[in-house]
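Peer 1: Sequence:
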Amino acid sequence: MTNSIDLAKNIVDRLVMALPTIKCRYEYRDYSDTHMIEVLPLSVYDSEAFENAAEPLLMEFISQFMGESLCFISDESLSSIKNSMYEAQGKAYLSSGLYQAAKPSSVSKNRIEVRIDSDFFKGLPEKISASDNINPGEAEYAMAA
Numbered sequence: 056m057t058n059s060i061d062l063a064k065n066i067v068d069r070l071v072m073a074l075p076t077i078k079c080r081y082e083y084r085d086y087s088d089t090h091m092i093e094v095l096p097l098s099v100y101d102s103e104a105f106e107n108a109a110e111p112l113l114m115e116f117i118s119q120f121m122g123e124s125l126c127f128i129s130d131e132s133l134s135s136i137k138n139s140m141y142e143a144q145g146k147a148y149l150s151s152g153l154y155q156a157a158k159p160s161s162v163s164k165n166r167i168e169v170r171i172d173s174d175f176f177k178g179l180p181e182k183i184s185a186s187d188n189i190n191p192g193e194a195e196y197a198m199a200a
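Quick note, our numbering runs 55 ahead of the 1-based positions in the sequence shown.
These aren't lab readings, by the way, just hints derived from the structure by calculation. One should not assume that every hint holds.
[Said to hold, decoys possible] Only pairs whose alpha carbons sit at most 16 angstroms apart, straight line, appear in this in silico EDC-like list of lysine to aspartate or glutamate: (1) Lys78 <-> Asp68; (2) Lys64 <-> Glu82; (3) Lys78 <-> Asp101; (4) Lys146 <-> Asp68; (5) Lys64 <-> Glu115; (6) Lys78 <-> Glu123; (7) Lys78 <-> Asp130; (8) Lys64 <-> Asp88; (9) Lys78 <-> Glu131; (10) Lys64 <-> Glu142; (11) Lys64 <-> Glu123; (12) Lys137 <-> Asp85; (13) Lys137 <-> Glu82.
[What the hints assert, rightly or not] Pairwise CB distance ranges, derived in the manner of DEER restraints: (14) Gln119 <-> Met140: 12 to 22 angstroms; (15) Glu106 <-> Ser134: 17 to 27 angstroms; (16) Pro75 <-> Glu115: 18 to 28 angstroms; (17) Lys146 <-> Ser87: 29 to 39 angstroms; (18) Asp85 <-> Ser132: 27 to 37 angstroms; (19) Lys146 <-> Asp88: 26 to 36 angstroms; (20) Asp130 <-> Glu110: 30 to 40 angstroms; (21) Gly122 <-> Lys146: 29 to 39 angstroms.
Predicted model only: the values in this text are computed from it and were never measured. For each residue, glycine too, the CB sits at the ideal point set by N, CA and C.
Produce the entire structure from the sequences given, and follow the hints as far as they go.
Peer 2: The following block contains the structure:
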């Protein structure tokens, strides 16, 4: 029989396989019997694709370990991962998010041409805000150019 920590790590691996544009960090908090899984980037965490992938995994965990909690968080959640026990990231995850993957190839006054690798879009929500992963200074610079 699998223990709860092993199952939580397995859930991280399965999420990363299902959504290759994410990175997950895992932490177990023994004082509250809570398993925390941080999902990055926020745009995927907030997506229907993530909800569809995470829900059956959450139900599996709850059915096996009813006395413990499994909590999915993002980098903007009130709770955060302080001591990561396990990390995994998908093949298409980019540490700098959308801005790193979508560097402007040419900029003019009213038009920015962007080229993005097609693998980047697997597991992303249908709508993405361009400001989700852009530092304000970079966005202002791009618009001023």
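Peer 1: Against this structure, judge whether each hint is valid.
Peer 2: Now for the hints, and whether the structure bears them out:
| no. | hint | result |
| --- | --- | --- |
| 1 | Lys78 <-> Asp68 | holds (10 angstroms) |
| 2 | Lys64 <-> Glu82 | holds (9 angstroms) |
| 3 | Lys78 <-> Asp101 | holds (14 angstroms) |
| 4 | Lys146 <-> Asp68 | holds (12 angstroms) |
| 5 | Lys64 <-> Glu115 | holds (13 angstroms) |
| 6 | Lys78 <-> Glu123 | violated (23 angstroms) |
| 7 | Lys78 <-> Asp130 | holds (11 angstroms) |
| 8 | Lys64 <-> Asp88 | holds (15 angstroms) |
| 9 | Lys78 <-> Glu131 | holds (14 angstroms) |
| 10 | Lys64 <-> Glu142 | holds (8 angstroms) |
| 11 | Lys64 <-> Glu123 | holds (15 angstroms) |
| 12 | Lys137 <-> Asp85 | holds (13 angstroms) |
| 13 | Lys137 <-> Glu82 | holds (8 angstroms) |
| 14 | Gln119 <-> Met140: 12 to 22 angstroms | holds (19 angstroms) |
| 15 | Glu106 <-> Ser134: 17 to 27 angstroms | holds (19 angstroms) |
| 16 | Pro75 <-> Glu115: 18 to 28 angstroms | holds (21 angstroms) |
| 17 | Lys146 <-> Ser87: 29 to 39 angstroms | holds (33 angstroms) |
| 18 | Asp85 <-> Ser132: 27 to 37 angstroms | violated (20 angstroms) |
| 19 | Lys146 <-> Asp88: 26 to 36 angstroms | holds (33 angstroms) |
| 20 | Asp130 <-> Glu110: 30 to 40 angstroms | violated (21 angstroms) |
| 21 | Gly122 <-> Lys146: 29 to 39 angstroms | holds (35 angstroms) |
In this structure, the earlier hints numbered 6, 18 and 20 are contradicted, and the remaining ones agree with it.
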